[in-house]
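Below, each chain spelled out in residue letters.
Number of protein chains: 4
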Amino acid sequence: MKSGLEIAQGAALRPIVEIAAAAGIEDGELEPFGRYRGKVSLSAMERLSGRPDGKLVVTTAITPTKAGEGKTTTSISLTQGLGKIGQSVVLCLREPSMGPVFGIKGGGTGGGYAQVVPMEDINLHFNGDFHAVTAAHNLLCAALDASIYFGNPLGIDPGTITWPRTLDVNDRELRYTVVGLGGKAHGIPRENSFVITAASEIMAVLALASDLQDLRTRLGRIVVGDTVEGKPITAEDLKVAGAMAVVMKDSIKPNLVQTLEGQPVLIHAGPFGNVAHANNSIVEDRIALKLADYVVTEGGFASDLGFQKFADIVCRSAPRTWMPYAVVRRIWPRTSTS
Amino acid sequence: MKSGLEIAQGAALRPIVEIAAAAGIEDGELEPFGRYRGKVSLSAMERLSGRPDGKLVVTTAITPTKAGEGKTTTSISLTQGLGKIGQSVVLCLREPSMGPVFGIKGGGTGGGYAQVVPMEDINLHFNGDFHAVTAAHNLLCAALDASIYFGNPLGIDPGTITWPRTLDVNDRELRYTVVGLGGKAHGIPRENSFVITAASEIMAVLALASDLQDLRTRLGRIVVGDTVEGKPITAEDLKVAGAMAVVMKDSIKPNLVQTLEGQPVLIHAGPFGNVAHANNSIVEDRIALKLADYVVTEGGFASDLGFQKFADIVCRSAPRTWMPYAVVRRIWPRTSTS
Amino acid sequence: MKSGLEIAQGAALRPIVEIAAAAGIEDGELEPFGRYRGKVSLSAMERLSGRPDGKLVVTTAITPTKAGEGKTTTSISLTQGLGKIGQSVVLCLREPSMGPVFGIKGGGTGGGYAQVVPMEDINLHFNGDFHAVTAAHNLLCAALDASIYFGNPLGIDPGTITWPRTLDVNDRELRYTVVGLGGKAHGIPRENSFVITAASEIMAVLALASDLQDLRTRLGRIVVGDTVEGKPITAEDLKVAGAMAVVMKDSIKPNLVQTLEGQPVLIHAGPFGNVAHANNSIVEDRIALKLADYVVTEGGFASDLGFQKFADIVCRSAPRTWMPYAVVRRIWPRTSTS
Amino acid sequence: MKSGLEIAQGAALRPIVEIAAAAGIEDGELEPFGRYRGKVSLSAMERLSGRPDGKLVVTTAITPTKAGEGKTTTSISLTQGLGKIGQSVVLCLREPSMGPVFGIKGGGTGGGYAQVVPMEDINLHFNGDFHAVTAAHNLLCAALDASIYFGNPLGIDPGTITWPRTLDVNDRELRYTVVGLGGKAHGIPRENSFVITAASEIMAVLALASDLQDLRTRLGRIVVGDTVEGKPITAEDLKVAGAMAVVMKDSIKPNLVQTLEGQPVLIHAGPFGNVAHANNSIVEDRIALKLADYVVTEGGFASDLGFQKFADIVCRSAPRTWMPYAVVRRIWPRTSTS
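Going down the list, the protein sequences come from chains W, Y, U and S.
Mapping of the first sequence onto numbering that gives the first Met the number 0: residues 0 to 337, in sequence order.
Mapping of the second sequence onto numbering that gives the first Met the number 0: residues 0 to 337, in sequence order.
Mapping of the third sequence onto numbering that gives the first Met the number 0: residues 0 to 337, in sequence order.
Mapping of the fourth sequence onto numbering that gives the first Met the number 0: residues 0 to 337, in sequence order.
Where hints are given, some of them may not hold.
If chains are identical, the list can't say which one is meant, so a pair holds when it fits in one copy or spans any two.
List time: in silico DSBU-like cross-link candidates among lysine-lysine, alpha-carbon distance up to 35 Å [stated by the list, open to error]:
| hint | residue 1 | residue 2 |
| --- | --- | --- |
| 1 | Lys183 | Lys308 |
| 2 | Lys238 | Lys308 |
| 3 | Lys183 | Lys230 |
| 4 | Lys248 | Lys1 |
| 5 | Lys238 | Lys1 |
| 6 | Lys83 | Lys183 |
| 7 | Lys238 | Lys183 |
| 8 | Lys183 | Lys54 |
| 9 | Lys238 | Lys83 |
| 10 | Lys230 | Lys83 |
| 11 | Lys230 | Lys1 |
| 12 | Lys54 | Lys248 |
| 13 | Lys54 | Lys238 |
| 14 | Lys1 | Lys83 |
| 15 | Lys183 | Lys1 |
| 16 | Lys230 | Lys308 |
| 17 | Lys54 | Lys83 |
| 18 | Lys54 | Lys308 |
| 19 | Lys54 | Lys230 |
| 20 | Lys230 | Lys248 |
Derived by calculation from the structure, the hints in this document are not laboratory data.
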């Protein structure tokens, strides 16, 4: 029997331009990244705004296990099945972190004959969204510390800073650190921690933003700490929100790939369930719902976390409230990891 | 008068597939990243191996100033001029760091009417090479600290570790840090510093590697510290060199863009002159020399640094020693930054 | 009305040799420290071992206030009163920390006309006991870190170290620190905290020891952390308990001073109530009970802490269990601090 | 042959009151600390001010060795010899650090039959001077950090602080530290180092002060760092110099002990030669010169350090410049450490 990895590596992929065309994405709306993946311009959302939304099918699960629950595999199977019987379908997923790829959990692209490809590219840098979130996040850190270092004109109390640094790597050594050592020329000492990129508030913001301008506004509202008087300090106060949005300008666009059987798959944003809303981006859902009759998606983590957040946050974030057409529960944990 | 930024943003770019075709890069050898930039497969190097090398023209300069010297602008002008008079020419440049983009120095794509475009993309994430170097670098850090944390089977002496962490951001706060705090569950305390990505040894390795296999081998030879007995510990010893190479698998491919006047430009790797060899990648030069009669390139920093390293390292790293056809000196610092 | 300070500074003290003689301490058993304070040799304990014990009166109190409860003042008053009516009495107190002397709480020598003198000497260095505890404590720290630094022959896991450093100063800056920075020549980085000297386990040990040999044994049993295999490491394992005992050789002797009305007062050891047993030393009580018909003492902190520990620990630590003759409760907090 | 330690421990000491009386110190001017050591009140200096100074004999040496040079042993021998032939003589020495006592160097009380006793007491806590310097030093630290913590009314720039903390222990782990960790409630993070007590500026101040009032003034002038504007901040600015002087009130008095042959020895202050003036205190010399016809003293470290500082600093610090009567050079290093 072939392993999941062998199946993924042996797959014959269709060029992404074909996938896009079949899905109804126009030529000027696709930016290719290599031959088998691309980004979809938000202009598609506008062009299709008159079309009615498709039906939204959500996969969720009971208590997650260490190896994951099989939600993604279920969602892919469902998508491939709907495609098989001739239905118009788009799958919407979250982007996997690169960190865990090198750990036990593996990537987030399904398994067996229910996979999204090109698997390796998706699990590694994909189209740079995680890197952009990391860069924008740390740019805000640098602006914050530089403001304190150069005379602290905003009167920030370093003891109140809640904005961590971030890296997309599983590295326990970075959880608790002291930065700014080495004497006066090299910053101001303070305690600091690194979170993984999926846990960055910018990832949550990306998943919720409705377009680049909205992203810019949300980035500006991020609170990093307080002044000595207790007034919150935002990225806007630090005059860095514009630069952060520039760093994120391509990341706002959902990424397009395909299932092993050629159905279009949008993958965009990957906010952590324990600190954020655990679902893929709003713009991804919005575009997908205009492109297909059925949109399959999944709520991150178990039903009491990801699906609840899907209902409470995602559905209410859309221009008009979405109502799931069907909820697919994944009850039985798979018994082995392929 | 239009500013450099206005000129770049107003430029009418030719699709990257046209640029590639005109340069003699075959269809299967180009991976597009968006419409105006791409990566060139190393298979092109093999296909063209029988062709004689073009002439290598090197731009260098006297003592650099804070605003830079104008080497890049000179190189671009020269390329555009050679193109204008009908010569076959390719320009080879280094990739700019994202960090300084938000500082005084600005990007590394020339100025005025002598620019490389799409300027913003090149100065930001470009095609992900800096992010991949960052990720591979920090993956090695995590593997190193995890090895010490989980029983230290290699007998590494933490006091001898010379491998820093890296981030592509100008952040003085990260120069000297203590990591691994928070108690026994969160790592082992030690002093640590972050360097910018351009200063990562992996960037130097990328610029010197002749192909992915050679990159893999060079990554494995990286020394991170010593055992208690004084024996050097490498990435190979930590069994992480393979994963690092996977992270770098697309980064080994040079990036293709264009001048404002449509000449092909390869941009690849950006090693720091003060700690590495300060010139673009060897594979970039090798491909360019097969594609064109004239290859214009530049030595990083002033002649006593970048050009010397070009002569001593780059020229000797090729399969057979290169001899510059011409050296263009940029003597007068430009009087204003555009 | 005179302040407590004025009363103390204006007091006419009797030479300590007179106080000692009146209390039945022989000439060779007193070591004078200046004219008005001394240390009592433990040989007195042996000489008087045949005498029956006096009656032990304990002062305790309801919930303590910020300014303290007045237990010490009550105890001194009681002692002075018993002296006034011709009873043979000795007062036993704990030694005050120097740290809080410079804070709000003030010293621990009573107030108004119920004071122990020489007040300033008692509240400052007294006869060096706190300094000796500090020195012995930090000597153990140095031995511990030196053992790890020089090849770690005992296999200590630095992450398990529970032995802090200590200083007799109120200094919040020292609560959580990282030590061993500055590179390989200057130690091994680890997290470390400083406690005040009263909170040192050595202070608790001093208060419980029955003589210098017993102190030596107890010091040797102090656990500072574990080996990698989970075996506890003691001061004895580090071969430093003997040196610590040498540092403590004079500290084992109780200190002798007087009330404003000339009754003998023993003051010895000052273990913190929240981490140790909160009462003065056992040897102090033992000597006092042989010298006088009535021994007045106090349980540190409120009755539910200090008095309980007095009953559970002090009374059972004696060669034969003590039973308090009377318990004086201090119910009403004093309304002003003098 | 008896070891130095056996000789010291077997010595028959004369009560310190006898030594004092024989030296011309009046009863009220001696504060006994135990039976064989005492402190001499500065009032003696005043009482004897009319007497002419004795002759000042200085011992110095060529390049010091690891084991020390034998200056102290030479000085003691000379003192014992002068006493033997009936001359009136007082020996003046520095106080030893407790730290090195537990290291290779051993104490500072001579060797063989040329020793100062009680050796153990002198090498350990002696009469508390080192502890008082430690306490006063760290009290200033606490006041400094508390001032910054509580709103920083003086505008101190933490990056400019030059005042270390101190402990009288050989502990490499404390050389470079970060303090103030643990969150906002536990101080403000900053880099900090500990020096040994002999290297404290307060030790230097103690050795130079002419009386308690002068000590108070000198303590107030200690600079700990700068304001943001570059104005120096002193202990006086921090309103802690008075408290520091109170902590030092007994330490200003020289300590009296004896040689193995009963000559009076003053021992007072022990400033480090590499950061301070390396000689015993001025008040010690002043009192000794009034008491005896010959005063033997020694310059710390080799002649090019200690003797030069003796000539340049000590001799000029006296009310009228002193001129050494004789300089004894110790040329040959002793060949073994006894």
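Hint check results:
1. Lys183 - Lys308: between (45 Å within a copy, 33 Å between copies)
2. Lys238 - Lys308: within (32 Å within a copy, 40 Å between copies)
3. Lys183 - Lys230: Both: 27 Å inside a chain and 16 Å across chains, each within 35 Å.
4. Lys248 - Lys1: Between. Shortest inter-copy distance 24 Å satisfies the 35 Å Cα cut-off; intra-copy 40 Å does not.
5. Lys238 - Lys1: between (54 Å within a copy, 26 Å between copies)
6. Lys83 - Lys183: Neither. Shortest intra-copy (65 Å) and inter-copy (53 Å) distances fail the 35 Å Cα cut-off.
7. Lys238 - Lys183: both (24 Å within a copy, 26 Å between copies)
8. Lys183 - Lys54: neither (59 Å within a copy, 50 Å between copies)
9. Lys238 - Lys83: neither (51 Å within a copy, 43 Å between copies)
10. Lys230 - Lys83: Classified as neither; 57 Å inside a copy, 59 Å across copies.
11. Lys230 - Lys1: Classified as neither: same-chain Cα gap 59 Å, cross-chain 42 Å, threshold 35 Å.
12. Lys54 - Lys248: within (29 Å within a copy, 39 Å between copies)
13. Lys54 - Lys238: neither (41 Å within a copy, 47 Å between copies)
14. Lys1 - Lys83: Within one copy only: 22 Å inside a chain, 56 Å across chains, cut-off 35 Å.
15. Lys183 - Lys1: neither (59 Å within a copy, 42 Å between copies)
16. Lys230 - Lys308: Answer is within: at 30 Å inside a copy they meet the 35 Å cutoff, but 47 Å across does not.
17. Lys54 - Lys83: within (17 Å within a copy, 57 Å between copies)
18. Lys54 - Lys308: within (19 Å within a copy, 62 Å between copies)
19. Lys54 - Lys230: neither (45 Å within a copy, 62 Å between copies)
20. Lys230 - Lys248: The answer is within: 30 Å in one copy meets 35 Å, while 47 Å across copies does not.
Hint check: violations occur at hints 6, 8, 9, 10, 11, 13, 15, 19; the rest are consistent with the structure.
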